[in-house]
Amino acid sequence: MPLDIEQDNNPSFYGSPSMLANPYGHTRDKNANPDVPPDLVNSTIGLSNKIVQLVNDPEVHVEIVGTESLMSSSVIVYAIELSAGDTSSVVKRRYSEFRSLRDGITRLYPTEVIPPIPGKHSFLTYLINSINNSKELSIIETRKRYFARFLSDICTHPRLRQCSLVHKFLDPNYEMCWQDAMAEPPISMVPDSLLRANPMNPTDQNGLYSLLPIVNGYDYTGPDHLSNLKKVGDDLAKSTTIISTQIGGDSENSGPDDTISLLTSPGFQQLAAMEITFHQSIKVLDDLTKLNTRTVRNVKAVVNNLIELGGNLNNFSLQIHGISDNANELGMLVEKFGSAIDSSFLNFEAFLVSTLIPQWQEPMHQLVQYYQSALHTIKFYKYKVVQYRLVHRARAARMHDLDGLTSNYHSHLKLRDLRSVDIDSPSINQAIRRIELKQKRLRGKKSWYGLFGGRKNGFTSEDPGMLPESGTEYATSRNTEEPNATETTTLNTETSAADATVNAESTTATLNTENDDNAEKNSANFGVNAYKTRIAQLEKEVEQYNQLIQLTTRDLRTLTDHVTANLQAFSLMVEEKWLRIMIGFLQGGQQMFRENIHNWQEFRSLVST
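Counting in the numbering used here, the sequence shown runs from 1 upward without gaps.
Heads up, a few of these hints could be off.
[As the list claims (entries may be wrong)] Here are the simulated DMTMM-like pairs of lysine to aspartate or glutamate, each with C-alpha atoms no more than 20 Å apart in a straight line:
1. LYS120 with ASP219
2. LYS336 with GLU595
3. LYS230 with ASP561
4. LYS92 with GLU63
5. LYS50 with GLU175
6. LYS144 with GLU175
7. LYS532 with GLU543
8. LYS577 with GLU63
9. LYS50 with GLU63
[Unchecked claim] Derived Cβ-Cβ restraints for the label pairs, each shown as a range:
10. THR87 with GLN568: 32 to 40 Å
11. ALA569 with ILE260: 24 to 32 Å
12. LEU309 with MET176: 49 to 57 Å
13. THR245 with ARG99: 44 to 52 Å
14. GLN179 with THR142: 23 to 31 Å
15. GLN544 with THR293: 53 to 61 Å
Simulated from the structure, these hints should not be mistaken for lab results.
Heads up, the beta-carbon is just placed ideally off N, CA and C, and yes, glycines get one too.
Let's have the full structure, built from the sequences with the hints guiding it.
This is the structure in structure tokens:
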């Protein structure tokens with residue numbers, strides 16, 4: 001049965017592992033004592049501690065020592081050997097478990113550049129490989145090398161090697177229950193959206209993060225749909241200028257200074273420059289990969305030509321053997337010449353198999369994946385900048401509502417005082433009508449918030465929600481499927497009811513001016529209470545937004561410095577990797593040409609004698 005290297009991605013194989021762990025478990029007595037012996041518990045703890053020590057050992061060596069198919073299936077598992085000195089450990093993992101490990105690390109460390117793994121092949125490639133078994137074996141060998149580099153890079157990373165999820169992945173105790181490890185802390189403590197988590201520690205349970213807006217289109221494994229970081233920063237600067245103008249540039253809560261200091265900071269400028277550099281590096285490596293593909297094809301053609309030439313020379317030497325003494329001597333020389341060609345063929349093939357593909361072509365492709373992973377880190381940073389902008393816009397909209405409602409409240413008080421004056425004066429009646437018309441205009445006035453894509457109609461009972469509606473350049477979603485969505489929208493529901501009460505009672509007070517004095521006073525007093533309730537609610541919302549802005553401002557500053565430091569360390573690591581790749585490639589080529597020269601020197605000395 002051919003090996004099925006793609007079906008290890010099939011979720012149907014994530015069934016109960018009890019049959020693999022214990023094939024005769026169904027025959028066990030159900031009344032047997034299920035208690036685990038203490039010595040087994042102690043040995044399990046000891047094994048887990050040994051894994052932690054191995055991962056933290058600076059001399060640790062990771063190798064994929066073999067592959068095998070699961071029992072009664074064609075799913076391929078990879079045997080991972082972790083060794084340091086005389087201590088070693090072996091655990092078996094399938095491709096889908098490698099993939100889930102990397103996804104889990106990406107969620108736990110969104111600011112780190114996570115080492116890449118080989119991508120999943122398309123369905124067409126799977127069909128072709130199922131026909132040609134040699135290609136399947138070649139892909140398995142390639143994945144073994146990729147997985148070994150992936151785990152080696154994790155074990156040498158100062159932060160990633162401390163991750164408990166990595167320890168569980170390498171722990172044989174979790175070999176048959178990897179899905180349980182993915183459902184346990186710390187990965188279970190990370191919210192569904194990384195934008196609603198502490199960027200430096202996604203497992204932080206601070207409830208303020210659940211109130212942050214979610215930016216539509218963000219997927220930590222998907223493509224980047226935003227403009228470059230410089231353009232995102234320019235948009236933030238423009239939005240901050242408009243907001244500070246609308247709510248008052250002198251307001252202590254407007255925050256333009258914080259935004260300007262962020263956009264002009266060296267870290268932000270370096271991140272914008274590194275994003276451009278990474279895209280340019282990917283383009284250069286893609287061009288180099290195309291050239292390298294042609295080189296591999298040409299070397300394979302040279303190998304095939306040498307094989308054919310060596311075989312023809314050997315056949316020719318056999319055909320002329322025995323014809324005459326001169327023919328025998330010529331046949332011997334031709335045979336030696338064919339042997340030299342065969343030696344050259346072996347040298348070229350060894351260079352192709354041991355150097356050109358595993359030490360040049362594959363590491364170059366891995367560098368491209370590394371740069372893409374670095375761009376994913378920058379993408380996360382850009383979405384946090386957009387989220388920072390949305391929080392400022394939402395806070396500014398609430399402050400604008402509060403200012404307008406306070407002004408309307410004072411007008412309502414003046415109107416009530418004028419109505420309480422028992423004087424039949426045309427001037428007073430005219431002043432009352434002016435105030436009523438002003439209130440009517442305010443209720444129907446469009447808020448400046450609509451300039452940014454919102455659909456809020458001034459101070460009516462329509463609830464705009466905490467976030468701008470979709471349709472803006474960076475549209476957002478309320479994400480009602482999130483557990484904390486109720487907390488986010490409860491405040492808005494209450495404010496909607498308060499809005500409706502204010503408008504209804506204000507209208508009632510306007511239409512019933514001809515009622516008796518007691519009814520008029522009761523209605524006016526009730527409208528004042530509704531205004532006070534709504535104003536207090538808006539002040540509470542503005543205070544919550546102020547707390548969110550303080551939180552996001554602090555996080556964004558820390559995030560800028562941390563991501564900048566990580567990407568600078570990544571650049572140094574790539575330079576080191578590239579230097580090692582070049583040195584290894586040159587050493588392999590030098591070894592091949594040295595052996596070829598020695599081979600042809602021997603042949604020349606043989607011909608000379």
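Cross-check of the supplied hints:
no. : hint                           : verdict
1   : LYS120 with ASP219             : holds, 18 Å
2   : LYS336 with GLU595             : holds, 16 Å
3   : LYS230 with ASP561             : holds, 17 Å
4   : LYS92 with GLU63               : holds, 12 Å
5   : LYS50 with GLU175              : holds, 15 Å
6   : LYS144 with GLU175             : holds, 18 Å
7   : LYS532 with GLU543             : holds, 16 Å
8   : LYS577 with GLU63              : holds, 18 Å
9   : LYS50 with GLU63               : holds, 17 Å
10  : THR87 with GLN568: 32 to 40 Å  : holds, 34 Å
11  : ALA569 with ILE260: 24 to 32 Å : holds, 28 Å
12  : LEU309 with MET176: 49 to 57 Å : holds, 54 Å
13  : THR245 with ARG99: 44 to 52 Å  : holds, 49 Å
14  : GLN179 with THR142: 23 to 31 Å : holds, 27 Å
15  : GLN544 with THR293: 53 to 61 Å : holds, 56 Å
Violated hints for the displayed structure: none, as all numbered hints are satisfied.
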